[in-house]
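The lines below spell out each chain.
Protein chains: 2
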Amino acid sequence: MLRKKDKYVVAVVGATGAVGREMVVILEQRRFPVSDLVLLASERSAGERLEFNGKNVAVGKLARDSFKDVDIALFSAGADRSLEFAPAAVKSGAVVIDNSSAFRMDAKVPLVVPEVNAHAIASHAGIIANPNCSTIGMVVVLKPIHDAAKIKRIVITTFQSVSGTGKQAMDELAQQTVSLLNFRDVETNVYPHQIAFNCLPHIDSFLDNGYTKEEMKLVNETKKIFEDESIRITATAVRVPVFRCHSEAVNIETEKNISANEVRAILSAAPGVIVYDDPKKNIYPLAIDVAGKDEVYVGRIRDDESVPNGMNLWIVSDNLRKGAALNAVQIAEHLIRETSSQ
Amino acid sequence: MLRKKDKYVVAVVGATGAVGREMVVILEQRRFPVSDLVLLASERSAGERLEFNGKNVAVGKLARDSFKDVDIALFSAGADRSLEFAPAAVKSGAVVIDNSSAFRMDAKVPLVVPEVNAHAIASHAGIIANPNCSTIGMVVVLKPIHDAAKIKRIVITTFQSVSGTGKQAMDELAQQTVSLLNFRDVETNVYPHQIAFNCLPHIDSFLDNGYTKEEMKLVNETKKIFEDESIRITATAVRVPVFRCHSEAVNIETEKNISANEVRAILSAAPGVIVYDDPKKNIYPLAIDVAGKDEVYVGRIRDDESVPNGMNLWIVSDNLRKGAALNAVQIAEHLIRETSSQ
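So the protein sequences, as listed, match chains G and A.
The first sequence runs contiguously to residue 342 in this note's numbering.
The second sequence runs contiguously to residue 342 in this note's numbering.
Worth flagging that the hints you see were computed from the coordinates, not collected in a lab.
All values derive from a computational prediction rather than experimental measurement.
Errors might be hidden in some of the hints.
No copy labels: a pair is met if it fits in one copy or bridges any two.
[Stated by the list, open to error] Derived pair list, reagent style PhoX-like, types lysine-lysine, alpha-carbon separation capped at 25 Å: (1) Lys256 to Lys152; (2) Lys223 to Lys256; (3) Lys280 to Lys213; (4) Lys150 to Lys68; (5) Lys213 to Lys281; (6) Lys256 to Lys108; (7) Lys7 to Lys213.
With the rest of the complex left out, here is chain G (with noise of 0.2 Å):
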């Protein structure tokens, strides 16, 4: 359990990769009380530098022995990073917030989006999981429309974008991009097929029942998150040639008859969601607008008539900020306002 602190040592592992930076940015510009950052990454990465709060901080090597006086671990290393070294920063001490798929299901972590159940931090033993950054989009949108009128199924298809894998897949959809543009071949490295000018519906790896990993956290997270089982999730997810934010074509059902002018009022008063909607003028969520931004955007609401109680949504958020480094900093912020007035 952490100790009330004036400052907090925080730990960010794999701070070099495209979210932990993100982590960096985000602590500083919420002017989180850190007393000490510890960066953390592979071999490889090790040794580079990051600056924070007017500092340039060194990047260490990452092993069990880094979480000495470590309060806070925020990791977004990969999952098996974090199965291997997550529960040695928790041994000494600390505890972690990860942003991997590792713990997110397990049934003693709390899986959390503060604005949606942050209620739950409170019972965790160690470790918090961050959602998937799909997941954590929509559900803060969704939130409120379920307790108003309780969502019954929700048919998911996004729009991911490369960022969601790393800086190496942003850079190859640049070279990629650059080398169509200059009639010459594209190598593909990170992806199994070319992804400028193009969209994958591949994200993460396939499983038996003929759906991704990706689609599955979409369906597994949101029930565990709004602490519902029966409510009903199918979900595609797509990679597109996008460098920042994911963008989701959402259509729910609910049980109780709700209009889109109802849903407007209600997420105008949600945390963390901006109404943007006034199509006839042009103005609904687009990727490249709502990069940088903390909110979840969400504009396209229309009344769907093929169903009873329909309704359907485009919803955009920053993958890197609300949906990973952000969300992760926020879970932070409560488990140390929570510490202090225990």
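Put chain A on the given structure of chain G with help from the hints.
Coordinates of chain A only, in the frame set by chain G:
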């Protein structure tokens, strides 16, 4: 009514556009029995020349008297030009196959995808309508499923390429991409927002119900082609930074139970469909692979457990070929075959 001939005078209206050029290519590729090819376009493009069967054909200026001796007129110059000039072509004795939205929902005009409802061609009174590009790809795949298990509801999310808008939109995507990779500002002329590295949930104009015309085309045209007003449909149409081919995530509910394996078997035998579905080997349809292909490709066929008799599919078709030019030429082929058998 078309009179039986060995070869026909064929006009292509909008010959210099993205679809018009493809029509000329396909007439040649499929050895359509053309005695004389009449190429027509607006004043701006008149005078250009296009290759056809080794000859260089000049593009003439479209006028009401352009259709003397024309047997079949393929129109792809926008709804306004179709409304203005198609009646003149019919009056001159031509059968018009119109790729615009002008006559599609006219009860007296058959709306035809030959693999689905070729029988409707016979009822024409001078004009036959070619459906919208995003509708054609979907109905070719869904009709055999509808026949086997009766589709009750469809939730569609499209990933539509810029060639659906035309050649200027393809140039805009290329130019914006070059600008961004050179850290220059982008210019937007064709679309209301940047399309490079972005997704626009906006195709065609917005209606009062919050849907775009493109989305309602998917709803209304599918019902008309299937001759089934009871089928319930909702759609989200999205423009993506892809040059050619439309991809679609399609969720269906059927009345009868049918498994993904049964659907795969039915579609493997269906005309105009290629089942391309072995995801664990990274085999699924992709826009870059389907470009230039005549068939509609389908993959990611999987049972949707969130609803009784649910199924998800991923459909990709070449919007310029099967979605427009090829479908129009196929209608013309049926037309002359019917004529010869009368």
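Comparing the hints with the structure gives:
| no. | hint | in the structure |
| --- | --- | --- |
| 1 | Lys256 to Lys152 | both (10 Å within a copy, 22 Å between copies) |
| 2 | Lys223 to Lys256 | within (19 Å within a copy, 28 Å between copies) |
| 3 | Lys280 to Lys213 | between (37 Å within a copy, 12 Å between copies) |
| 4 | Lys150 to Lys68 | neither (45 Å within a copy, 63 Å between copies) |
| 5 | Lys213 to Lys281 | between (38 Å within a copy, 15 Å between copies) |
| 6 | Lys256 to Lys108 | neither (33 Å within a copy, 41 Å between copies) |
| 7 | Lys7 to Lys213 | neither (38 Å within a copy, 56 Å between copies) |
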